[in-house]
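Student: Here is what each chain is made of, one letter per residue.
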Amino acid sequence: MAKRLTTDKDGNGSNGHRPSFPEKLAEVGEKMRGSQAWASIFRPGSIFRKGYTDSPRNRSYVVMNSLIYHLHPVKVKRHAVKVSYTLCLGGLSFFLFLILTVTGIFLMFFYRPTEVQAWADIRTLETSVTFGLLVRNMHRWGAHLMVITVFLHMARVFYHGAYKPPREFNWVIGVILLTLTLLLSFTGYLLPWDQLALWAVTVGTNMIGYTPVFGSQVRFVLLGGVEISTETLLRWYVLHVLLFPFIIVIFMAIHFWRVRKDGGISGPL
Amino acid sequence: MSDVPEHLLRRSAERRAALGGDPAGAAPPAGDDAGAAGADDGEKIPAHLLQRSTTGAATATATKTAPAPAATAVATAPAPVAKGPEGHTQRLLTVVKAGSIQDVKATPTDKVHVWPHLLVGEFVASLAMTAFLLVFSAVVNAPFLAAANFNFTPNPSKAPWYFLGLQELLTMFHPMVAGVTIPGMGIFGLMLVPYTDRNPSNHPEDRKLAIAIMTLFLMFWAVLVIIGCFFRGPGFNFTFPWRDGVFFDL
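From first to last, the protein sequence lines stand for chains A and B. Note that my numbering has the first sequence beginning at 1, numbered continuously upward. Note that my numbering has the second sequence beginning at 270, numbered continuously upward.
Check the hints yourself; a few may be wrong.
In silico DSS-like links for lysine-lysine, alpha-carbon gap of 25 Å or less [to be verified]: (1) K164(A) <-> K366(B); (2) K50(A) <-> K31(A); (3) K50(A) <-> K164(A); (4) K380(B) <-> K77(A); (5) K164(A) <-> K380(B); (6) K75(A) <-> K164(A); (7) K427(B) <-> K82(A); (8) K24(A) <-> K82(A); (9) K380(B) <-> K261(A); (10) K164(A) <-> K261(A); (11) K31(A) <-> K261(A); (12) K261(A) <-> K77(A); (13) K50(A) <-> K82(A); (14) K75(A) <-> K477(B).
What the hints contain is simulated information worked out from the structure, not anything from laboratory work.
Can you build the whole structure from these sequences, using the hints too?
Tutor: As structure tokens, then:
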């Protein structure tokens, strides 16, 4: 194709016609799409190779040729796309997790988890960093929202009886994800190191101390001592930005994978 | 015979020609042949089948001498397939009934393409969520109180809102019961839901008991959290938010 265009241009050139800028641009685009590099990036059937025309084949290719979309099957049951069935709650929980990851990474650039610096760092973030206040607000409200959406998602799944065979185990994974969401939110609560954070965590960890048999040991490990200190801050920081996200991603992967393996979403009622 | 590689066919033909030139090799004793074949291909072909094959070959040799070189050639050449008694080149391993491996569902289901039907919905939902979060965050600031001070305990001290139900229980029960036993049993009980609810139906009218229990469970926590958030004032004493104000930070 590219070759034919080139010969055409030569023929036109001898006739005195100079290719206009859009023609040149189209030719360059054609060459680029024909190149080996382009073909190596975009897999066969990609819409970036031959453009997109609406056909069942291309609709399938859109899903199959994207890593993210590939979480979905190519086709789903018709009732499964009704917003009134799922209310998008599971998807929104995942989407909030993504927002929290991105905003959280932004916050990490301006935060040091020590007793002396933590509170001042947040204040600097809010007053002197471009979009610092906005991103912190998004992180905070997004976290509360995620607790709510995960909770509502659980309620929705229960009322649809979607935990029934063959989906029993995915419900168990879901309960674990709810617990992890609460733990993620709670560990983040201490990090601003203001009065709200300190005393909310004091109340919370005092309760953990009443666990029978190994309560005081658990509390000691969590606090890095007998009471909240800079050690606690460091521990909860690592739990919040690394350990719990790591664990929850694994469980989310299992959760999404099982949704498909168990035959797609449940229903219709 | 069409899928036997050409070089094997050629080698077989050469071997056959060589054996045809040597009459001593053309008619070897049947017993020797069976023993050699059993030692060579014992792992591939069951012994009793080989036995049957050689007996068949031997009887054929007794009537006509022509098929004998063919049988010998098969036994000596390292061909991947060995001929059976009737000239079969395949063996029957087992008979598998259709449906025992693949669960073929013949019932057609009404399906739609994920693109665009599902992805458009997800895209709109995520956009709406982003817009809501962005606008809300631009308007409402997250709480940021004075720096942590170990010497000044705010009154009341409240846990994060999702734990306020537990803190509410703390006013009624021993801390071990309120803080560990009840939430632990709650989580564990939730995990056991699919294994205790044996009712196979997912129609709401068939599961009135399950729905009633779950609704009570959820409302129990919701009410406790709301009381903890809005109806608890200094000393964690009961107040009315419209009378004394709200003692609650998110």
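Student: Are the hints correct? Go through all of them and say.
Tutor: So, going through the hints one by one against the coordinates:
no. : hint                : verdict
1   : K164(A) <-> K366(B) : violated (30 Å)
2   : K50(A) <-> K31(A)   : holds (13 Å)
3   : K50(A) <-> K164(A)  : violated (44 Å)
4   : K380(B) <-> K77(A)  : holds (4 Å)
5   : K164(A) <-> K380(B) : holds (22 Å)
6   : K75(A) <-> K164(A)  : holds (23 Å)
7   : K427(B) <-> K82(A)  : violated (40 Å)
8   : K24(A) <-> K82(A)   : violated (46 Å)
9   : K380(B) <-> K261(A) : holds (17 Å)
10  : K164(A) <-> K261(A) : holds (14 Å)
11  : K31(A) <-> K261(A)  : violated (42 Å)
12  : K261(A) <-> K77(A)  : holds (14 Å)
13  : K50(A) <-> K82(A)   : violated (32 Å)
14  : K75(A) <-> K477(B)  : violated (33 Å)
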